[in-house]
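Chemist: So the protein sequences, as listed, match chains D and B. First residue of the first sequence? That's 0 in numbering that gives the first Met the number 0, and the numbers climb one at a time after it. First residue of the second sequence? That's 0 in numbering that gives the first Met the number 0, and the numbers climb one at a time after it.
Please keep in mind that the hints were generated in silico from the structure rather than gathered at the bench. For clarity, every value in this text was computed on a predicted model and none was experimentally measured. We put the CB at the ideal spot given by N, CA and C, even for glycine. One or more of the hints may lead you astray.
To be verified - Subject to a maximum C-alpha distance of 25 Å in a straight line, what follows is the list of computed BS3-like cross-link-like pairs (lysine-lysine): (1) B:68 x D:154; (2) D:464 x D:479; (3) D:2 x B:335; (4) D:154 x D:2; (5) D:430 x B:335; (6) B:331 x D:430.
Said to hold, decoys possible - Just a sample of chain D residues kept apart from chain B, beta carbon distances all over 10 Å, derived: (7) 17; (8) 66; (9) 259.
What follows is the residue order along each chain.
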Amino acid sequence: MRKLYHFNGGVHPPTHKTESTQTPIAQAGLPSRLVVPLHQHAGSTAKPTVQVGDRVLKGQLFGMPQGSVSSAVHAPTSGTVTAIDMQVVAHSSGLADLCVTLLPDGRDEWAPRVSTNYLSTPPEELRLLLRLSGVVGLGGAVFPSDLKLRPGKHKVTTLVVNGAECEPYITCDDMLMRERAGEIVRGAEMMRYMLDADEVLIGIEDNKSEAIAAMQKAVSENNFSRMEVVTVPTIYPGGGAKQLIRVLTGIEVAAGVRSTDLGVQCFNVATAYSAHRAIEHGEPLISRIVTVTGNVQHAQNFEVLIGTPVNELVALAGAKPDTNGHIMGGPMMGVPLPSDHVTVTKATNCIIESSPALFPPPLPEMPCIRCTRCVEVCPADLQPQDLYWFAKSKNFGKAQEFSLFDCIECGSCSYVCPSSIPLVQYYRFAKSEIWANEREKEAANLARERHEFHLMRIERDKQDKAEKLAQKEKAALAAKAAAAAQPGTDAAAIDTLRAQVREIAHPDAGLNKE
Amino acid sequence: MFSPFITHASSVREIMFKVLLALLPGIALYVWYFGPAILVSITLASVTALATEAAMLKLRRRPILPFLKDNSALLTAWLLALSIPPLAPWWLVVVGTMFAISISKHLYGGLGNNPFNPAMIGYAVLIISFPVYMTHWISPQGMGQLELSFVEQMQFIFGGQFPSGVTLDAVSMATPLDTLKTQLHSGHVAADVLQMPIYGYLGGHGSEMVALGFVFGGAYLLANRIISWHLPVAFLAALFATAGAFHLYDASHYAPPLFHWFSGAAMLAAFFILTDPVTSPTTLRGKLIFAAGAGFLTYIIRVFGGFPDGVAFATLLMNISVPLIDAYTQPKVFGKKGNK
Numbered sequence: 000m001r002k003l004y005h006f007n008g009g010v011h012p013p014t015h016k017t018e019s020t021q022t023p024i025a026q027a028g029l030p031s032r033l034v035v036p037l038h039q040h041a042g043s044t045a046k047p048t049v050q051v052g053d054r055v056l057k058g059q060l061f062g063m064p065q066g067s068v069s070s071a072v073h074a075p076t077s078g079t080v081t082a083i084d085m086q087v088v089a090h091s092s093g094l095a096d097l098c099v100t101l102l103p104d105g106r107d108e109w110a111p112r113v114s115t116n117y118l119s120t121p122p123e124e125l126r127l128l129l130r131l132s133g134v135v136g137l138g139g140a141v142f143p144s145d146l147k148l149r150p151g152k153h154k155v156t157t158l159v160v161n162g163a164e165c166e167p168y169i170t171c172d173d174m175l176m177r178e179r180a181g182e183i184v185r186g187a188e189m190m191r192y193m194l195d196a197d198e199v200l201i202g203i204e205d206n207k208s209e210a211i212a213a214m215q216k217a218v219s220e221n222n223f224s225r226m227e228v229v230t231v232p233t234i235y236p237g238g239g240a241k242q243l244i245r246v247l248t249g250i251e252v253a254a255g256v257r258s259t260d261l262g263v264q265c266f267n268v269a270t271a272y273s274a275h276r277a278i279e280h281g282e283p284l285i286s287r288i289v290t291v292t293g294n295v296q297h298a299q300n301f302e303v304l305i306g307t308p309v310n311e312l313v314a315l316a317g318a319k320p321d322t323n324g325h326i327m328g329g330p331m332m333g334v335p336l337p338s339d340h341v342t343v344t345k346a347t348n349c350i351i352e353s354s355p356a357l358f359p360p361p362l363p364e365m366p367c368i369r370c371t372r373c374v375e376v377c378p379a380d381l382q383p384q385d386l387y388w389f390a391k392s393k394n395f396g397k398a399q400e401f402s403l404f405d406c407i408e409c410g411s412c413s414y415v416c417p418s419s420i421p422l423v424q425y426y427r428f429a430k431s432e433i434w435a436n437e438r439e440k441e442a443a444n445l446a447r448e449r450h451e452f453h454l455m456r457i458e459r460d461k462q463d464k465a466e467k468l469a470q471k472e473k474a475a476l477a478a479k480a481a482a483a484a485q486p487g488t489d490a491a492a493i494d495t496l497r498a499q500v501r502e503i504a505h506p507d508a509g510l511n512k513e
Numbered sequence: 000m001f002s003p004f005i006t007h008a009s010s011v012r013e014i015m016f017k018v019l020l021a022l023l024p025g026i027a028l029y030v031w032y033f034g035p036a037i038l039v040s041i042t043l044a045s046v047t048a049l050a051t052e053a054a055m056l057k058l059r060r061r062p063i064l065p066f067l068k069d070n071s072a073l074l075t076a077w078l079l080a081l082s083i084p085p086l087a088p089w090w091l092v093v094v095g096t097m098f099a100i101s102i103s104k105h106l107y108g109g110l111g112n113n114p115f116n117p118a119m120i121g122y123a124v125l126i127i128s129f130p131v132y133m134t135h136w137i138s139p140q141g142m143g144q145l146e147l148s149f150v151e152q153m154q155f156i157f158g159g160q161f162p163s164g165v166t167l168d169a170v171s172m173a174t175p176l177d178t179l180k181t182q183l184h185s186g187h188v189a190a191d192v193l194q195m196p197i198y199g200y201l202g203g204h205g206s207e208m209v210a211l212g213f214v215f216g217g218a219y220l221l222a223n224r225i226i227s228w229h230l231p232v233a234f235l236a237a238l239f240a241t242a243g244a245f246h247l248y249d250a251s252h253y254a255p256p257l258f259h260w261f262s263g264a265a266m267l268a269a270f271f272i273l274t275d276p277v278t279s280p281t282t283l284r285g286k287l288i289f290a291a292g293a294g295f296l297t298y299i300i301r302v303f304g305g306f307p308d309g310v311a312f313a314t315l316l317m318n319i320s321v322p323l324i325d326a327y328t329q330p331k332v333f334g335k336k337g338n339k
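So that you can see chain B by itself, here it is in the shape it has in the complex (with noise of 0.2 Å):
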């Protein structure tokens, strides 16, 4: 027995928890949106992190009960699932969760030693490496041009079958981020082009829903001291900035502010990915530099790189950076900031 001998109670179960519990609103109006698939994809990702994580730590002789009921598991899983089409076959879910936990989680310790965001990696690896998978999008329910039952997207994320006749692009579209790339490449205007119905009012008709899902997950986090105000506002900020710093220089190429905070996974990254305590750094002016520099490459990327969203090449550029980060922004300690 040592003191303090009473604590506060919460554990990193809770906290975990607590962040599942959050993702739910977006995750309810992604069902409503675009249909039951998502869900499958999140099950399958969970059972399958589960596994990994179970199977890693008995690898490594560690307690295993404790860890698989400590729910980061689970976090990861939810995070890649959510960032992967859900009209992708099922291996695709699988391969990435299992390296996600594997590879960029247990190879480096286990939790809370891993340097880069293990749902992030996992969708690199899956970007990378099946591309077409990847950016084949489910369209909202009412807006593609055929849409599948419930059973025939089983059928072919289990079966890799489709009804005779029909292709992934029939079924499926590029992200508004995707759209609005090419459309600018064949010589749109971004004003028109962000008029086309899948556009909705803000990002993206259903995504712009989800996102703002997100928003409310990410405001309970923060009524619930679970997150730092610091990350979600100075990533938001820096996107805000830089793509309104664009927009108005030529308003006619580059979109403005408002749709690149509520398309693709900026709403996601804000709450709930550059938010990873393990991955992200602990002083506080290292926060508003981490997440503000995010911010910005989310945007270079998005717009002048070659994959759909800059979100997660965003995340592991500023992950590497977190040491540096906090060596640089150590603040004072007590009695050594100058008096009063």
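For reference, chain D alone in the conformation it holds in the complex (with noise of 0.2 Å):
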């Protein structure tokens, strides 16, 4: 048995796991449009390479990546571009992104693919082809990909693939570890290769019994001597990758670390199955699996194309009357969605449709009695009920000397708190509000230079005028005097002068001349 470690607190809410395993992983099918952002990734936006009324393939490219971090985009399926505008995207500010809107031709024609070898191919060409396929993290952050198979100053030993799936209702990575292990494993095998890892450890919660046997008999089949399935225990969450990655190695990753820097990366097995499914197939990142679960007729994991709608893919699963609102994620981090007339993304893992049977709303807000409750289930070691006090003071500097950002935002200290206080809100409030200041700082920095600046040149402009001034008086005047000097001598003087500037203009016209 490897040895596991330890971090601390966690909690262990109602799992709600079972509803949606029990049929396989379906087709979501083509809905009636896909509205496809260019932003579905950490980082800088994609910039569209199609215009309205182009006729695309399947997989083509929909969006280039711009500058380091970035990813591409592609078309999810064969058909017309309609609209390239603003829409509401999947978030819960429920603020517009640039989308392309794709009116599917129901043909589902597939652009050329093509496979790649990857032993035959540098990493370096492996990574820009992730970057093209747009593969990012699928485990919620979403980050390009190539970018975490960049080697580092230090040599990655470990690379943890991240099977654990913590959260409550969520079932995807199960479902696909049950059905395609074989992918996952290989396209682990081709990130461990990329980053020349000694090892890699899949870890999976013991709450997923079937899933563990798929997978080690995956790693048994494809005989990968240096791959191992680790049974982590279930904690909420222990599916956090610095969770995750203590759990296995006993390395803790510190804020603003990178885990690089400590030979340790971490990859979600879906991330691991679009890698394969990239460089195997050559088929781009255009559709992933969502849970769809909560208030629903037949919670169920769909294969969804990027850009499905949501409501018509929660139509699917048969949404109960009584839905009051629908929740991208799950129930511990998971964000509300401003409508279901947003699409999903590459960060959509789950659809809860939420109802007031569900989800009771919370009972009212009480004063913190300091029980400490939370300080014994926070992850990372902190000191909950002191963040709580100063963010509610707005006293933000003492706020980030208690690690502020350190907190990864997991609810297990709002999920047990007796006063019923939405900590994780003060958190973000504070967070927010210290990026606000921040910005607020730099942009009057920029402004103060800029002003600096101004007067500058406004000095220098004086100086200059004054200087030509000066000059022109000065040329004025001794023109003045040259003519006093010697009257009559003007125009010849003036003529000379021509023929010389046009023999230095044109040197061969006045050699041929002659």
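Grab the two chains, each in its own frame, and use the hints to assemble them into the complex.
Modeler: Listed below in structure tokens is the structure:
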């Protein structure tokens, strides 16, 4: 048995996973239209490469990565681009972002696909391939995978593959591991090759015995001797990258530290699967597995094209009439969707239809009694009651001093708080205030610099003008003096000067003349 | 709506209720050994606490019902009532409770914001202002020179009248802790003094059983994870160690450590007073330091101070140090502890 490590705290919310694991992954099929955001990943928005009216093939590029942190976006099926405009996207802010709207033609016709033999391809090229295939972290952070596969200052010894899936209700990784374990492990092996890691540890929580069995079978069938499936205890947030790395390797990755600098890297199982699809089959990331659960008739996992409207997806599972909202993600860290007209993105792992019975409104907030239940469950070893105090009193400096930015917003503290204080909301508020302050400070600095430059320029122009004026006056005076000294030579002198200039400008012309 | 969308069912009200529940075994044994008068003071304190709480919430323009239902005022009332001699005029309980709730709780900002344990503030005010009433404890049944019926007790509590020829001194006694102090002053040896029948097996006939009742209730709180073990263990260990050291140094003048555990309010403090989350540190190391300090100070005040017990002042002195203790015992956060 491998020695497993422990992290502080964690909670055991009811898992509600069996509801959506009764039937295999179903194909969601073609929706009436697809709205594909060009910003589905961490970093900069992809630059559109199609125009309204274009006919595109499945897998054709919609957007090119722009800047160092970015990823590509592709057409999920064949059809016609009907709009490239701002639309409300799947984000709790309800803000609009640049999206490509595609009207499917129903033929689902692929663009040419090329398989790549990864063993004969330099990692550098494989990384570019992943970037252009739009492969990003499907565990939730949607960070471009190619960047995480770059060699760092230190050699990566351990590649952690995250199949823990600790959030209640979500089963997309579980079902993917049960049904497509072979492609996951081959994708993980490709990643191991690119990182030149010594070992691959696939962490799966012990409540997913079928997934564990399938993955173990896949590892042994493929004879990956440096790969091991490790069963980890079921605890929330044990599937957080930092927590899983800790449990499997004992290494604690502090906030703001790159895990590669500590010799470890972590990918979600679905990301490994997508990397395999991209390299082995030449298929960019245009679909993903989404759990549709909660207040629905048949909770189930679907393979969904990116850009599928949420309302069309949940209709497949049969939303019940008393549904009062839609949560993207799990009940611990998920975000409420602004409406069900938004579309599935690469970050959409789960849609939970909510109802007052499933998620009753929180009790009224009471004062903190410093009971420290939050301290007991905090996986980041923070003092949530102190952070709450500082956030509430807007003492942001003190909040930072007490490691506010080490908070991973897992929600365990809010989950156990007997005073029903929405602690995570306070931390989000404090963080956004601090960011806003910093931006303001930067903007003020920039404005000050601009203003100083502006003053400097005015001063410089003034001096220039004065100098020019002085020169002009001097020249005029000199000319006057010269004219006074040699009257009548003006015209002759000018002619000579013109001839000289002509000669300098066209020396050959002068020669030819002769 | 925002995440997390689910919560674990628990509330301040439930926590406080469980603490009240945990006090019941001790109170039952109190009634068994000392008669039902304590129930009268608990009721009196409870009514006063709720009325004061409601009045203060109204003055502070806070929602009254949710806070009245949180059981925290009741807990303060019960703890204070248990610290006051049951045979005391009704207004003593009322004044102490009113002071505890209005001054030491609400003037500091109400639930969650009071730096001092309200019940101990109430006790401190009473022992300084009315030392006579606060030091005449009811004798355990079958031990007093003269025993009053329950009706006669009520007549004294509410009317200030004893049956003719009876004085407060005649129906009450000094606590075992007090008796030991006066007996030692008059030249007796600790071992001999502790042979007196009022000392029972461990720390005082009757009162030691009440203390055991509190231990029982404390075990329930520990099992339900309402309190952490750090506070009672550090308090009792420090009290034991200090008492043990003095006892080893001079057994004729210093009582054995077990006596100090089971007399006075030591067990009440260990499981119910120091464990008040609002007025104790939040870090684990801080809890150990806080409770150990309280244990040490309790002994020092008991043995060398002028008050019958040291728990209240030890608690208040340590309450005042909580912000400092918390500031200096911050644990290292994830990733900054040094790996593995």
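Chemist: Hints numbered earlier in the text: which of these fail when held up against the supplied structure?
Modeler: Of the numbered hints, just 1 does not hold.
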